[in-house]
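Construct the entire structure; sequences and hints are all you get.
Chains A and B supply the protein sequences, listed in that same order.
Residue numbers for the first sequence follow the numbering used here, so the first one is 1 and each next one is one higher.
Residue numbers for the second sequence follow the numbering used here, so the first one is 1001 and each next one is one higher.
Just so you know, the hints here were simulated from the structure itself, not pulled from any lab data.
Bear in mind that the values here come from a model prediction, so they are computed numbers and not experimental data.
Think of the CB as a built atom: it goes at the ideal place given N, C-alpha and C, for glycine as much as any other residue.
One or more hints might be untrue.
[Said to hold, decoys possible] Once the Cα atoms are required to be at most 30 angstroms apart in a straight line, the calculated DSBU-like pairs of lysine-lysine come out as:
#	chain 1	residue 1	chain 2	residue 2
1	A	K51	B	K1364
2	A	K51	B	K1127
3	B	K1127	B	K1364
4	B	K1295	B	K1127
5	B	K1436	A	K51
6	B	K1144	B	K1436
[Stated by the list, open to error] Some chain A residues flagged as far from chain B (calculated, every beta-carbon gap over 10 angstroms):
#	residue
7	R56
8	W135
9	T165
10	A196
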Amino acid sequence: MLDIVPNGLQTARAAIRVDLQFIADLIRPGSRVLDIGCGDGALLEYLVNFKQVDGRGIELSQGGVNACVSHGLSVIQGDANTDLATYPSDAFDYVVLSQTLQATQEPARILADLVRIGRAAVVSFPNFGHWRVRWQLLARGRMPHTAALENDWYNTPNIHLCTITDFVDLARVLGTVIERAAILGPRGRTMPDWAAGSLGNLLGEQAVFVLRRRDK
Amino acid sequence: MIVGQGGESKENIDLPAWPPKVIPVWFLESREWQPPIMTVPLRPAAEGPAGRRFARRLFPPSNFPGHRLEFGPDQPLKLDCGVELAPFTLAYTTLGTLNADRSNAVLICHALTGDQYVAEHHPVTGKAGWWEQLVGPGRVLDPKNYFIICANVIGGCMGSTGPSDLDPATGKPYGLSFPVITIRDMVRAQLRLVDHFGIDQLFAVLGGSMGGMQVLEWATSCPERVFSVLPIATSARHSAQNIAFNEVGRQAIMADPDWCGGNYLAEGRNPHRGLAVARMAAHVTYLSEQALHQKFGRNLQDRGRLSYGFEADFQVESYLRHQGSTFVERFDANSYLYITRAMDYFDLAAEHEGVLAEAFRGTKTRFCVLSFTSDWLFPTSESRALVHALNAVAANVSFVEIHSDRGHDAFLLDEPEFHKVLAGFLAGCAAHRGLKLG
Chain A
1 MLDIVPNGLQ TARAAIRVDL QFIADLIRPG SRVLDIGCGD GALLEYLVNF KQVDGRGIEL
61 SQGGVNACVS HGLSVIQGDA NTDLATYPSD AFDYVVLSQT LQATQEPARI LADLVRIGRA
121 AVVSFPNFGH WRVRWQLLAR GRMPHTAALE NDWYNTPNIH LCTITDFVDL ARVLGTVIER
181 AAILGPRGRT MPDWAAGSLG NLLGEQAVFV LRRRDK
Chain B
1001 MIVGQGGESK ENIDLPAWPP KVIPVWFLES REWQPPIMTV PLRPAAEGPA GRRFARRLFP
1061 PSNFPGHRLE FGPDQPLKLD CGVELAPFTL AYTTLGTLNA DRSNAVLICH ALTGDQYVAE
1121 HHPVTGKAGW WEQLVGPGRV LDPKNYFIIC ANVIGGCMGS TGPSDLDPAT GKPYGLSFPV
1181 ITIRDMVRAQ LRLVDHFGID QLFAVLGGSM GGMQVLEWAT SCPERVFSVL PIATSARHSA
1241 QNIAFNEVGR QAIMADPDWC GGNYLAEGRN PHRGLAVARM AAHVTYLSEQ ALHQKFGRNL
1301 QDRGRLSYGF EADFQVESYL RHQGSTFVER FDANSYLYIT RAMDYFDLAA EHEGVLAEAF
1361 RGTKTRFCVL SFTSDWLFPT SESRALVHAL NAVAANVSFV EIHSDRGHDA FLLDEPEFHK
1421 VLAGFLAGCA AHRGLKLG
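Here it is, written out as C-alpha cells:
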C-alpha cells in the first residue's frame, strides 16, 4: 500500500476499497470535497493525492481522526448528527457520505444538509433489500448478518437501514434530483443495466447515489 | 527527568527530584509567626540563591541568553488601551536557519507563565526548555527543517518590556503605571519581530493555552501572514470560570502587604507570598482530579501520621507549596497581573457582534485545533465551538481531541499521540507549501 505520490506524502495509499474507488471516480479533479464519516481517511487521501481535491473530513472516532490528521489530512473530530448544521450552503462541490447514512439519527435531515452544503451529494449505503438479507429474515426469522451488516441487532451502529427503493422514495420526498445512481454487486462491481429497478433492489449489495438540490 | 518550568508547569507528573526533603513554607505564613526557615530577600543584595535571582529580577535581564530587539521612542507600539508604548524591547530566542525564500519560519507563542526559552536552558531555574519535548533536533519541530522563533510576550518579565522595567519618563519601575496590554498587543509586538526578519508569511504559528490565544489572534488579525496555525488547549474567548480563577490569583497578590500597591520594586520588597498562592491556585487548574489522585492520593509527606496542625501533612499540599516557592523565583508579580488581565480581555467574537465565525471569514490559513480530554480549564467544548465557527466559513480545519488524564498541562508533556498529530499536520502543510522536510 505504500507508494510515492505526487505531492510528497509518501505513505499515501494508491489502492482503496472498490466501492470507495467507485465514489472517487465520480469526483471531478480539483474540486472541493467534504467526506463525512471518513474513517481512517482512505478515500480522502486518495482524492487529495490523485485527484488534487481540496478535501476535508469529519469522523467520529478518535482513532480515525488521529490517523487522518497524522497523514496530513484536514479532518475534524465531529458527529454528522450535530456538526453538519455548522457548515454554510454550497461550501463544497461534493459532500460524500459513504456507508454512514444508515448509522445516523435522522437520515432525512442529514440528506437535506448534504445537498445544502454540497453542490452534489454522493451517498452510498448497504442495501437492506438484497436477496441475502431478505432470505435470512424469511427463512430463519432472525435479523440478517451479511458482509456489510456484520453486527448483532443489539450492538449494531446501523439504526436506520433502508432498501434502494426506500432511498429513492426519500430522495423524492426531500425534493432532490437523483443525478446518478449505481448499484454495486459482489465485490463492489457495478451491476449491469438490466439490473435496474426492483431487480437491482434484490441483487445489489450496496448503492451509490449522486443527489442535487432541485433548484440547482 | 525534570523538564522545564513551562508555560504553566510541567513538573507535576514526572518529577523524580520531588518531593524535596525540606519544603519551604515561609511564603504561606503571615509575618507574625514566620518561622526562620528562609530569610525573605528584601533587597537585591540579599544572600542566598533566591536573593541573587531576585536581584537579577530587579534589573533588566539584559544579560540573559538569547536576543533582544529594541524599538526606540520613534517606533512606539500602539496598544489597544490607546497608549503608545515606547521605547520597548522584545526578548526572543531562535533555533535553526531561515531559508532563502523565508518560508520555513515557525513562531511559538508561550503561555501565561512561559517565556522565550522554549528549547534551551532557563537562565534563572537552569531547567530544560519548556517545550523541549516538541522542539529540538530529532523532535517534531526540528531546527534542521524550521527557523523557530519564540519571544517573551510584551508585559512579561524575561526581557521583553513589562511592568518591572524602568519607565523612562520617571526613571522608576513602571509598576501599575504600565499600560494594560491585550493578546492583540502581544501579537502586534511579535509582528514587529517577524517584520524585522523580513518574513512575509510564517509557515506555522503554534502555542497552547494563552499561547493558543495569540495563535488565534494571528489567524484573525493578520491571516495573510500565517500559512498554518495550531491553537492548542485554548479558546476563542476566556470563560467566566477562567476569569474567576485569574481574579483569585490577582487578589492573592494584591492582598500581600509586600505588593505595596504595585510599587514593591521601588520599595525594595517582593510580594512572593501572594504570588506563590496565586500560582498554587492556578496550578490546581492545570491538573486533573485523576492526575492528582494518581500522583498523590491522600499520601502523607515525610510522616507516618497526621500532625493535627497546619503543616503540609499531605504530599499534595507539599507539592503545591513547592510549586509556589519555585515560581516566585522566576516570575514578577505585576507581570502576573498584567498577563492574566490580557487573557481575561480576550474575546475574538467581540469585534464581530458576537459571531465568532465572522472573525475567520475568507481565511486561507490551515487550522489544526487540539484539545485534551481531561483539560477542564480549556475544555474540548471550547475547541469545538472554535471548530464550528471555522466550519461556518468553510475554513481548512483539522480538529483532534487527544486522550490524556493529565489535564491542561498535557500540552507541555510527553504525549506521543499529540506529537504524532502535530507532526502529521505539519508534514501535510509542508507538502502544500512546497517546503521540503529533512
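Tested hints:
1. Note on A/K51 and B/K1364: the hinted pairing holds, with a Cα-Cα distance of about 20 angstroms set against a maximum of 30 angstroms.
2. With a C-alpha separation of about 49 angstroms, the suggested pair A/K51 and B/K1127 falls outside the 30 angstroms cut-off, and the hint is violated.
3. Only pairs whose Cα atoms come within 30 angstroms are accepted, and B/K1127 paired with B/K1364 is rejected, the gap being roughly 38 angstroms.
4. A distance of roughly 22 angstroms separates the Cα atoms of B/K1295 and B/K1127; the hinted pair therefore holds under the 30 angstroms criterion.
5. Of the supplied pair hints, the one linking B/K1436 and A/K51 holds, its CA atoms being roughly 22 angstroms apart against a limit of 30 angstroms.
6. The hinted pair formed by B/K1144 and B/K1436 meets the criterion: a straight-line CA distance of about 11 angstroms does not exceed 30 angstroms.
7. Its beta-carbon lying about 7 angstroms from the closest one in chain B, A/R56 breaks the requirement of being farther than 10 angstroms from that chain.
8. Every beta carbon of chain B lies more than 10 angstroms from that of A/W135, the smallest distance being close to 43 angstroms; the non-interface claim holds.
9. With a cut of 10 angstroms on Cβ distances, A/T165 stays outside the contact zone with chain B, its closest approach being about 34 angstroms.
10. With 10 angstroms as the threshold on Cβ separation, the claim that A/A196 sits away from chain B holds: the shortest Cβ distance comes to roughly 36 angstroms.
Of the numbered hints listed earlier, those contradicted by the structure are 2, 3, 7.
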